[in-house]
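Chemist: This is what each chain is made of:
Number of protein chains: 2
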Amino acid sequence: MAPAKVPPTTVQRLPLYLRCLVQASTHHMPVVNSVQIAEMAGTNAAQVRKDLSYLGEFGTRGIGYDVDSLIAHLSRHLGLTEHRRVAIVGYGRLGSALQGYQGFAERGMRVVAVLDADPAKIGIAVDALTVEDIESLEAVVARERVEIAVITVPAAAAQSVADRLVAAGIRAIMNFAPVALRVPEGVEVRQADVAGELQILSFHLHPERTRV
Amino acid sequence: MAPAKVPPTTVQRLPLYLRCLVQASTHHMPVVNSVQIAEMAGTNAAQVRKDLSYLGEFGTRGIGYDVDSLIAHLSRHLGLTEHRRVAIVGYGRLGSALQGYQGFAERGMRVVAVLDADPAKIGIAVDALTVEDIESLEAVVARERVEIAVITVPAAAAQSVADRLVAAGIRAIMNFAPVALRVPEGVEVRQADVAGELQILSFHLHPERTRV
Chain A
1 MAPAKVPPTT
11 VQRLPLYLRC
21 LVQASTHHMP
31 VVNSVQIAEM
41 AGTNAAQVRK
51 DLSYLGEFGT
61 RGIGYDVDSL
71 IAHLSRHLGL
81 TEHRRVAIVG
91 YGRLGSALQG
101 YQGFAERGMR
111 VVAVLDADPA
121 KIGIAVDALT
131 VEDIESLEAV
141 VARERVEIAV
151 ITVPAAAAQS
161 VADRLVAAGI
171 RAIMNFAPVA
181 LRVPEGVEVR
191 QADVAGELQI
201 LSFHLHPERT
211 RV
Chain B
1 MAPAKVPPTT
11 VQRLPLYLRC
21 LVQASTHHMP
31 VVNSVQIAEM
41 AGTNAAQVRK
51 DLSYLGEFGT
61 RGIGYDVDSL
71 IAHLSRHLGL
81 TEHRRVAIVG
91 YGRLGSALQG
101 YQGFAERGMR
111 VVAVLDADPA
121 KIGIAVDALT
131 VEDIESLEAV
141 VARERVEIAV
151 ITVPAAAAQS
161 VADRLVAAGI
171 RAIMNFAPVA
181 LRVPEGVEVR
191 QADVAGELQI
201 LSFHLHPERT
211 RV
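Line by line, the protein sequences give chains A and B. Per the numbering used here: the first sequence = residues 1 to 212. Per the numbering used here: the second sequence = residues 1 to 212.
It is possible that some hints are incorrect.
Some, not all, of what chain B presents toward chain A, calculated at C-beta under 8 Å [said to hold, decoys possible]:
hint: 1; residue: V11
hint: 2; residue: L14
hint: 3; residue: H77
hint: 4; residue: F104
hint: 5; residue: M109
hint: 6; residue: E147
hint: 7; residue: A167
hint: 8; residue: R171
hint: 9; residue: P178
hint: 10; residue: R182
hint: 11; residue: R190
hint: 12; residue: E197
hint: 13; residue: Q199
FYI, nobody ran anything at the bench for these hints, they're computed from the structure. C-beta atoms are modelled at their ideal positions from N, C-alpha and C, and glycine is treated no differently.
Modelling step: build the complete structure from the supplied sequences, incorporating the hints.
Modeler: Following this line, the structure appears as structure tokens:
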């Protein structure tokens with residue numbers, strides 16, 4: 001089959017579908033149809049069918065999708081057939097919360113390094129890891145074969161951390177610092193923006209939106 | 001003018017535009033055009049023009065948008081002309097990180113209450129607030145006129161917290177617990193999903209995506 005370009009909006013929904021399918025699997029459902037996936041995912045069935053069609057033809061019309069093979073298929077597409085190696089840069093309250101997040105492992109993510117600039121934090125044991133000096137970032141990235149970096153340093157430090165990560169070969173960054181990172185082409189950044197999420201909620205609260 | 005329905009994908013970009021415009025304003029730019037906004041926001045100019053057109057006609061062709069009036073316009077649309085009153089339910093590491101986040105105030109959000117179930121945490125002073133007993137959630141929501149609730153309790157407790165928030169009149173919830181909340185129609189939930197964000201990054205790392 002010819003290579004298909006999966007639209008970014010579809011990519012954004014794939015983790016959600018995967019989560020729904022894992023849920024279906026734990027409830028011992030061998031097959032799900034697009035209506036059921038849509039219900040769990042809070043979208044509509046046509047959207048589900050369209051999104052999944054980008055990944056190939058593997059549902060059966062009138063029956064649905066085999067749950068286990070769709071999980072395998074989505075995992076492969078998301079590059080989760082083995083754990084992704086994640087470094088958390090910045091061991092403040094947020095970095096610490098993320099490091100302790102139980103949901104990473106079951107979603108294909110493995111935190112392999114935690115770094116900070118604060119001498120008071122360097123050397124702290126966190127689970128099987130030790131907080132390492134951000135000065136040795138390049139060495140840690142290489143040693144641990146880090147694939148994804150999570151930036152949880154203060155805003156003022158985020159760009160220089162990103163520059164060093166990119167120079168060290170990192171091509172995927174999740175940024176929690178409230179600053180827009182400049183990265184070269186080929187490096188993917190996802191920006192966490194909690195205040196922005198709350199603003200979106202605010203929009204929905206606001207009657208002004210219907211009085212344009 | 002007839003009421004216009006703003007598409008959800010546009011709503012999602014409005015906080016980003018607002019942030020870019022505030023940035024332009026701090027750089028003393030009185031006017032910006034759609035190309036400049038697009039550059040700052042990492043999107044394209046046609047998208048910017050289309051998104052902003054849903055909010056009414058106020059750019060000048062060939063010149064651009066008056067920064068201050070567009071900020072005012074977007075803020076009004078996002079319901080940010082006065083601060084939104086936010087409660088954080090769950091004062092663990094994540095709740096604590098969010099409570100301490102400096103960026104809320106400048107983005108129109110004001111944390112007015114922090115709650116937890118742990119007797120060891122209840123009574124702790126956090127800035128001008130005190131961690132309050134989750135048992136008194138309904139009273140706190142009413143007293144503080146909370147508009148947006150942020151759920152940072154463990155997954156097992158999230159649904160019951162959400163039920164109580166909804167019963168207390170809350171219509172906007174940001175959920176950080178890794179569980180899909182069931183809420184009645186008219187209540188807006190935004191689901192934070194860090195593992196999902198990392199999976200999206202993983203997709204971009206993965207060569208499989210071009211070999212569908």
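Chemist: Look at each hint and say if it fits the structure.
Modeler: Each hint tested on the structure:
1. Below 8 Å, beta-carbon pairs count as interface contacts, and V11/B has one with chain A at about 5 Å; its hint therefore holds.
2. Look at L14/B: its Cβ gets to within about 7 Å of chain A, closer than 8 Å, so that hint holds up.
3. For H77/B, the interface hint holds, the least distance from its beta-carbon to any beta-carbon of chain A being 6 Å, beneath 8 Å.
4. Among the interface hints, the one on F104/B holds; its C-beta lies about 6 Å from the nearest C-beta in chain A, closer than the 8 Å criterion.
5. The criterion of a C-beta within 8 Å of any C-beta in chain A is met by M109/B, whose closest approach is roughly 5 Å, and the hint holds.
6. For E147/B, the interface hint holds, since its Cβ comes within 8 Å of a Cβ in chain A; the closest pair sits about 6 Å apart.
7. Annotation: A167/B was flagged as interfacial toward chain A, and the flag is violated, the nearest CB pair being 17 Å apart, outside 8 Å.
8. Because the smallest distance between the Cβ of R171/B and any Cβ of chain A comes to about 6 Å, under 8 Å, the interface hint for this residue holds.
9. For the restraint placing P178/B at the interface with chain A, the shortest Cβ-Cβ distance is roughly 4 Å, inside the 8 Å limit, so the hint holds.
10. A hinted interface residue such as R182/B counts as satisfied when its beta carbon comes closer than 8 Å to some beta carbon of chain A; here the least separation is about 10 Å, so the hint is violated.
11. At a threshold of 8 Å, the smallest CB-CB gap from R190/B to chain A is about 5 Å, leaving the interface hint in force.
12. The restraint placing E197/B at the interface with chain A holds, with a minimum CB-CB distance near 5 Å, inside the 8 Å limit.
13. The beta carbon of Q199/B comes within 4 Å of a beta carbon in chain A, closer than 8 Å, and the hint placing it at the interface holds.
Figure legend: structure checked against the earlier numbered hints; hints not met, in rising order: 7 and 10.
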